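**Q** The lines below spell out each chain.
There are 2 protein chains.
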Amino acid sequence: MTGRDGGAELTPIAGAPVVILVRPQLADNIGACARAMANGGLFHLRLVAPRDGWPQEKAWRNASGADRILGAATVFASVADAVADLHRVFATCPRPRHIVKPVLTARGAAVELREIGARGLRAGVLFGPERAGLDNDDMAQADALVRYPLNPAFMSLNLAQAVMVLAYEWWTAGDGTPPRELMTNETQVATKAELENFLTHLVDQLDACGFLRNLPKRPGMVRNIRHFFQRGEVTEQELRTLHGIVTELAVGRRQMGRLEDAE
Amino acid sequence: MTGRDGGAELTPIAGAPVVILVRPQLADNIGACARAMANGGLFHLRLVAPRDGWPQEKAWRNASGADRILGAATVFASVADAVADLHRVFATCPRPRHIVKPVLTARGAAVELREIGARGLRAGVLFGPERAGLDNDDMAQADALVRYPLNPAFMSLNLAQAVMVLAYEWWTAGDGTPPRELMTNETQVATKAELENFLTHLVDQLDACGFLRNLPKRPGMVRNIRHFFQRGEVTEQELRTLHGIVTELAVGRRQMGRLEDAE
Numbered sequence: 001m002t003g004r005d006g007g008a009e010l011t012p013i014a015g016a017p018v019v020i021l022v023r024p025q026l027a028d029n030i031g032a033c034a035r036a037m038a039n040g041g042l043f044h045l046r047l048v049a050p051r052d053g054w055p056q057e058k059a060w061r062n063a064s065g066a067d068r069i070l071g072a073a074t075v076f077a078s079v080a081d082a083v084a085d086l087h088r089v090f091a092t093c094p095r096p097r098h099i100v101k102p103v104l105t106a107r108g109a110a111v112e113l114r115e116i117g118a119r120g121l122r123a124g125v126l127f128g129p130e131r132a133g134l135d136n137d138d139m140a141q142a143d144a145l146v147r148y149p150l151n152p153a154f155m156s157l158n159l160a161q162a163v164m165v166l167a168y169e170w171w172t173a174g175d176g177t178p179p180r181e182l183m184t185n186e187t188q189v190a191t192k193a194e195l196e197n198f199l200t201h202l203v204d205q206l207d208a209c210g211f212l213r214n215l216p217k218r219p220g221m222v223r224n225i226r227h228f229f230q231r232g233e234v235t236e237q238e239l240r241t242l243h244g245i246v247t248e249l250a251v252g253r254r255q256m257g258r259l260e261d262a263e
Numbered sequence: 001m002t003g004r005d006g007g008a009e010l011t012p013i014a015g016a017p018v019v020i021l022v023r024p025q026l027a028d029n030i031g032a033c034a035r036a037m038a039n040g041g042l043f044h045l046r047l048v049a050p051r052d053g054w055p056q057e058k059a060w061r062n063a064s065g066a067d068r069i070l071g072a073a074t075v076f077a078s079v080a081d082a083v084a085d086l087h088r089v090f091a092t093c094p095r096p097r098h099i100v101k102p103v104l105t106a107r108g109a110a111v112e113l114r115e116i117g118a119r120g121l122r123a124g125v126l127f128g129p130e131r132a133g134l135d136n137d138d139m140a141q142a143d144a145l146v147r148y149p150l151n152p153a154f155m156s157l158n159l160a161q162a163v164m165v166l167a168y169e170w171w172t173a174g175d176g177t178p179p180r181e182l183m184t185n186e187t188q189v190a191t192k193a194e195l196e197n198f199l200t201h202l203v204d205q206l207d208a209c210g211f212l213r214n215l216p217k218r219p220g221m222v223r224n225i226r227h228f229f230q231r232g233e234v235t236e237q238e239l240r241t242l243h244g245i246v247t248e249l250a251v252g253r254r255q256m257g258r259l260e261d262a263e
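The listed protein sequences correspond, in order, to chains Z and A.
If you count the first sequence from 1, position 35 lands on 35 in the numbering used here, and the numbers rise without skipping.
If you count the second sequence from 1, position 223 lands on 223 in the numbering used here, and the numbers rise without skipping.
For the record, the hints were derived by calculation from the structure and aren't laboratory data.
Careful, some of the hints might be misleading.
You can't tell identical chains apart in this list, so a pair holds if it fits in one copy or across any two.
Claimed, not checked - Calculated lysine-lysine pairs in the DSBU-like style (CA-CA distance at most 35 Å, straight line):
#1 Lys58 / Lys217
#2 Lys217 / Lys101
#3 Lys217 / Lys192
#4 Lys192 / Lys58
Just so we're clear, the structure is a prediction, and the values are computed from it rather than from any experiment.
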């Protein structure tokens, strides 16, 4: 509970990692981080020595309703204090130098964070201050570093974007949505018999109007038409529309034919 | 060329999709989108009917040096105009309703965008205005919709975050960084012989100090120590440090022993 407006009905998800902002400078950014966390299902936020103190009204104004995350955030004096109760700690770091440490991609980190959570262990991810990033002592507290694969010609994530990518990857690592699926909403994918019924209707009308009058080419033309309509899943609703289109075009042609006959 | 400061040395990457912001409202957000694009290696930005006109100084101020993307951005009066030269169009859309259309995850879209680019075709991704999102006519221009898997209890991406996730996924789809690797910098992973050399040193000293004096337990204790040091890759530099630690601790103990003997 935040004691403020309340915002979105956010609750912790079991096994999710803690986000630890180390010496964050701007309350705006803390709010934007909370918003990014909420999008990716993260809840527990820890602040190490926030420059302007805590709480800060500006954070709430920039959180788009992720108020409960801010309300539940806790403040620590040092990274060591903030990670004391955790079992595994990762540190985000764009350009680590002179360090011997495992380096994970954001996706690799997300998969490991899911595994750590599934074992009932508590994990946290450190994010450094806006300009300087984490210092060498901060990174020495971490089991592994996380470096996002990004355009080396322009690696300039702001703090909330860095949290966003991690939160997005964490959510995605537990998500089973297929990479592509046909959304049909109120209708459903037509059976092959329903599609065949439409193709028979279409070919009958194309025969009637003379479109298929070249008999040697007719089988190939019918096959091409069939290939086109088979390319994607067709829904029952779309087949009804296609039936209507063929019928109406054919009626128009027949009426036109009658008019021409009458002239 | 932007005719302004110039910013980062960004250039188009072959096969990358075009980002199309449809009726964007705030120039700040257009700048933030350019920054997000640059992070993910995207370059071509199209604006459909930007509310406040174009160019806008505020966009440059919020782009963190992605000036060339803004300088090369083009403006169109309609979505139809903006997609006219493209072969495939995806539309980002958080909650599509009453539409029959393939829906891709961000990752699924990224993989398909890479494939489209590799075939030499041009693709674009539509992003709707800040509050309203894309309307039904906009979505009817697209081959497929893109819906990010995110926390259904809080799906509130701002425009630049939406672009960020897509750009990040596009970059990642072409990136071969292993999910986890040991960064060794100036040193390198030690060979098993080098590790064995250290373990021999350690066990010798543990024998000398009496730590392993329980002979029935000795083999298991040595094995556990071995397991610990085998758990992660150890570097040559770390082995030198470990040798030094064992030597110095042993020297201290021997000196202490001599002092005690002398008393």
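**Q** Against each hint, give a clear statement of whether it holds in the structure.
**A** Against the structure, the hints come out as follows:
no.	hint	verdict
1	Lys58 / Lys217	neither (72 Å within a copy, 61 Å between copies)
2	Lys217 / Lys101	between (68 Å within a copy, 33 Å between copies)
3	Lys217 / Lys192	within (25 Å within a copy, 72 Å between copies)
4	Lys192 / Lys58	neither (58 Å within a copy, 55 Å between copies)
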